[in-house]
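Read top to bottom, the protein sequences are chains A and B. For the first sequence, the working numbering begins at 1 and goes up steadily by one. For the second sequence, the working numbering begins at 1 and goes up steadily by one.
To be clear, the hints were calculated from the coordinates, so they are not data collected in a lab. Ideal Cβ positions, reconstructed from N, Cα and C, are used throughout, including at glycine. Treat the hints loosely; a few may be bogus.
Unchecked claim - Straight-line Cα separation of at most 20 Å, EDC-like style, residue types lysine to aspartate or glutamate; simulated pairs:
#1 K37/B to E239/A
#2 K45/B to D93/A
#3 K78/B to D288/A
#4 K41/B to D145/A
#5 K41/B to E239/A
#6 K214/A to D93/A
#7 K299/A to E221/A
#8 K152/A to D93/A
#9 K37/B to E153/A
#10 K80/A to E50/B
#11 K234/A to E50/B
#12 K37/B to D96/B
#13 K84/A to D145/A
#14 K84/B to E221/A
#15 K51/B to D77/A
#16 K78/B to E146/A
#17 K84/B to D145/A
#18 K240/A to E50/B
#19 K307/A to D249/A
#20 K311/A to E109/B
#21 K45/B to D267/A
#22 K51/B to E239/A
#23 K41/B to D267/A
#24 K78/B to E285/A
#25 K78/B to D77/A
#26 K271/A to D249/A
#27 K45/B to D288/A
Claimed, not checked - Covered stretches of chain A, as calculated for chain B (at least 3 residues, CB under 8 Å):
#28 64-77
#29 263-269
#30 280-289
As the list claims (entries may be wrong) - Derived Cβ-Cβ restraints for the label pairs, each shown as a range:
#31 V40/B to D260/A: 32 to 38 Å
#32 G95/B to R39/A: 55 to 61 Å
#33 S75/B to R116/A: 39 to 45 Å
#34 R116/A to A93/B: 19 to 25 Å
#35 D190/A to S75/B: 48 to 54 Å
#36 A274/A to N76/B: 14 to 20 Å
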Amino acid sequence: MTNIRQKQVIFFFILCGIACSVAISACKMYYNTQKVDYRVSSDRDGLQEGKRLTMLTCAGCHYNPDTKKLTGVRMSDVPKIAGKVYSRNITQDPDKGIGKYTDGELVYLIRTGIARDGKLMPYMQRPNLANKDLNDIIAFLRSNDELVTPSKESPPLTHYSVFGKFGLSKYSSPLPYSDKKIERPDLAKDKVAYGRYMVDNLSCFHCHSAGITKINVMEPEKSKRYMGGGFKMKTPGGEKILTSNLTFDETGIAGWTEHDFVRAVKDGFNKDNAVLRIPMPKYSELSDEEAGAIYAYLKTIPKIKNKVPRK
Amino acid sequence: MMKRIIIAGCCFVLPATLFISWQTDKGKKSDKEQGAKLYVKYSCKSCHGEKGVGVGDLRQARQKYTDEQMISYISNPKQFGNMKMPAFGGVIAEGDFKPLIAYVKLLGEDPKGSRSPKSEVGGRKNSIF
Chain A
1 MTNIRQKQVI
11 FFFILCGIAC
21 SVAISACKMY
31 YNTQKVDYRV
41 SSDRDGLQEG
51 KRLTMLTCAG
61 CHYNPDTKKL
71 TGVRMSDVPK
81 IAGKVYSRNI
91 TQDPDKGIGK
101 YTDGELVYLI
111 RTGIARDGKL
121 MPYMQRPNLA
131 NKDLNDIIAF
141 LRSNDELVTP
151 SKESPPLTHY
161 SVFGKFGLSK
171 YSSPLPYSDK
181 KIERPDLAKD
191 KVAYGRYMVD
201 NLSCFHCHSA
211 GITKINVMEP
221 EKSKRYMGGG
231 FKMKTPGGEK
241 ILTSNLTFDE
251 TGIAGWTEHD
261 FVRAVKDGFN
271 KDNAVLRIPM
281 PKYSELSDEE
291 AGAIYAYLKT
301 IPKIKNKVPR
311 K
Chain B
1 MMKRIIIAGC
11 CFVLPATLFI
21 SWQTDKGKKS
31 DKEQGAKLYV
41 KYSCKSCHGE
51 KGVGVGDLRQ
61 ARQKYTDEQM
71 ISYISNPKQF
81 GNMKMPAFGG
91 VIAEGDFKPL
101 IAYVKLLGED
111 PKGSRSPKSE
121 VGGRKNSIF
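Working from the sequences, and respecting the hints, build out all of it.
Shown next, in the form of structure tokens:
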């Protein structure tokens with residue numbers, strides 16, 4: 001009898017060992033990189049636009065109000081179980097920032113999500129960002145603007161827990177690199193297409209759909225509960241909040257005027273004068289026409305019935 | 001006669017002093033309660049946390065800014081180089097600024113000298129708002 005019990009215990013531990021090794025080996029965080037030959041071109045207008053786009057697409061995570069630079073911050077909305085996640089210093093400092101990155105490595109990172117050391121950073125993926133916009137952003141990151149000049153101020157390095165690594169490797173993967181030509185739609189000619197482009201590249205759908213693990217980065221509309229909200233997040237102050245339903249269902253923003261929407265996106269207050277809480281960024285760099293284009297686009301997508309209470 | 005006057009004076013002055021000090025404490029407590037309510041109402045807590053540590057570090061506000069400067073900052077943070085905080089000018093009622101700021105200043109008090117928590121944003125603790 002004792003012998004049988006001993007065998008059962010040994011068998012149990014072997015099984016646990018196998019399960020652990022499978023789980024650990026599934027946590028693939030590093031990938032091979034590919035060399036991309038690319039050199040940014042810059043002019044005054046491009047740099048100005050690059051700064052605006054950087055504030056719109058990068059600053060939400062990388063801007064640190066303490067340093068008033070893109071030195072990175074703690075990502076308070078990432079659940080603690082995933083580990084301690086910090087956005088990186090993307091100033092030009094060679095040690096703490098991106099000073100050692102070549103232009104090609106930055107392009108590769110933003111298109112595929114793979115950093116120069118091979119580490120997977122899926123939240124960086126912007127496969128549908130126009131070539132010119134990508135060029136302007138990188139040109140700005142190389143500029144002498146105070147936001148990006150070298151700074152050694154840096155939050156600690158991200159430390160994923162086993163659960164974080166497992167989740168990251170299970171729910172995300174690098175995207176294939178492509179140098180196909182992508183253009184930003186013309187706002188004057190096609191407002192809806194411009195709005196779609198903004199929802200994609202400002203990553204609105206990352207938070208306003210069913211969850212970060214249920215999105216489709218290549219084809220945002222295929223994300224689960226696309227723009228229907230209800231995704232649980234956390235504010236930097238530790239409050240648990242739910243993302244809003246941004247479809248034009250009556251449980252969403254059907255009662256909002258374009259003015260209400262533009263004010264919310266640009267100034268950070270909803271139509272009831274309540275502040276939109278972080279992690280929702282304040283997109284003050286958008287023009288009224290651009291924010292209006294997002295509104296026009298949202299009117300065209302399928303309505304989703306999902307009443308999300310403001311907690 | 002003099003003795004009677006002193007005794008009568010003590011009987012009146014002492015309770016009156018105690019009453020006034022009790023009322024003042026009560027007033028302070030209710031100001032604090034009102035400030036705390038406004039801190040939640042205007043969602044300051046969402047970003048800056050219960051203790052003033054979240055995005056930025058509000059505990060240092062009292063040392064760095066006068067009340068008027070704090071009102072200006074909250075009303076239009078861009079003026080102070082803060083690009084991401086919404087401008088609360090026109091959103092916070094005029095009469096709410098005073099108790100709200102009084103409460104924010106209380107966050108910087110550390111009467112027990114206890115170790116303060118670190119700013120959760122960047123692992124630094126040397127800024128405000």
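Consistency of the hints with the structure:
no.: 1; hint: K37/B to E239/A; result: 16 Å, holds
no.: 2; hint: K45/B to D93/A; result: 33 Å, violated
no.: 3; hint: K78/B to D288/A; result: 18 Å, holds
no.: 4; hint: K41/B to D145/A; result: 37 Å, violated
no.: 5; hint: K41/B to E239/A; result: 13 Å, holds
no.: 6; hint: K214/A to D93/A; result: 35 Å, violated
no.: 7; hint: K299/A to E221/A; result: 14 Å, holds
no.: 8; hint: K152/A to D93/A; result: 6 Å, holds
no.: 9; hint: K37/B to E153/A; result: 35 Å, violated
no.: 10; hint: K80/A to E50/B; result: 18 Å, holds
no.: 11; hint: K234/A to E50/B; result: 14 Å, holds
no.: 12; hint: K37/B to D96/B; result: 10 Å, holds
no.: 13; hint: K84/A to D145/A; result: 30 Å, violated
no.: 14; hint: K84/B to E221/A; result: 28 Å, violated
no.: 15; hint: K51/B to D77/A; result: 18 Å, holds
no.: 16; hint: K78/B to E146/A; result: 16 Å, holds
no.: 17; hint: K84/B to D145/A; result: 17 Å, holds
no.: 18; hint: K240/A to E50/B; result: 13 Å, holds
no.: 19; hint: K307/A to D249/A; result: 9 Å, holds
no.: 20; hint: K311/A to E109/B; result: 29 Å, violated
no.: 21; hint: K45/B to D267/A; result: 19 Å, holds
no.: 22; hint: K51/B to E239/A; result: 13 Å, holds
no.: 23; hint: K41/B to D267/A; result: 18 Å, holds
no.: 24; hint: K78/B to E285/A; result: 12 Å, holds
no.: 25; hint: K78/B to D77/A; result: 24 Å, violated
no.: 26; hint: K271/A to D249/A; result: 16 Å, holds
no.: 27; hint: K45/B to D288/A; result: 29 Å, violated
no.: 28; hint: 64-77; result: holds (count 10)
no.: 29; hint: 263-269; result: holds (count 3)
no.: 30; hint: 280-289; result: holds (count 3)
no.: 31; hint: V40/B to D260/A: 32 to 38 Å; result: 24 Å, violated
no.: 32; hint: G95/B to R39/A: 55 to 61 Å; result: 58 Å, holds
no.: 33; hint: S75/B to R116/A: 39 to 45 Å; result: 43 Å, holds
no.: 34; hint: R116/A to A93/B: 19 to 25 Å; result: 51 Å, violated
no.: 35; hint: D190/A to S75/B: 48 to 54 Å; result: 38 Å, violated
no.: 36; hint: A274/A to N76/B: 14 to 20 Å; result: 19 Å, holds
Figure legend: structure checked against the earlier numbered hints; hints not met, in rising order: 2, 4, 6, 9, 13, 14, 20, 25, 27, 31, 34 and 35.
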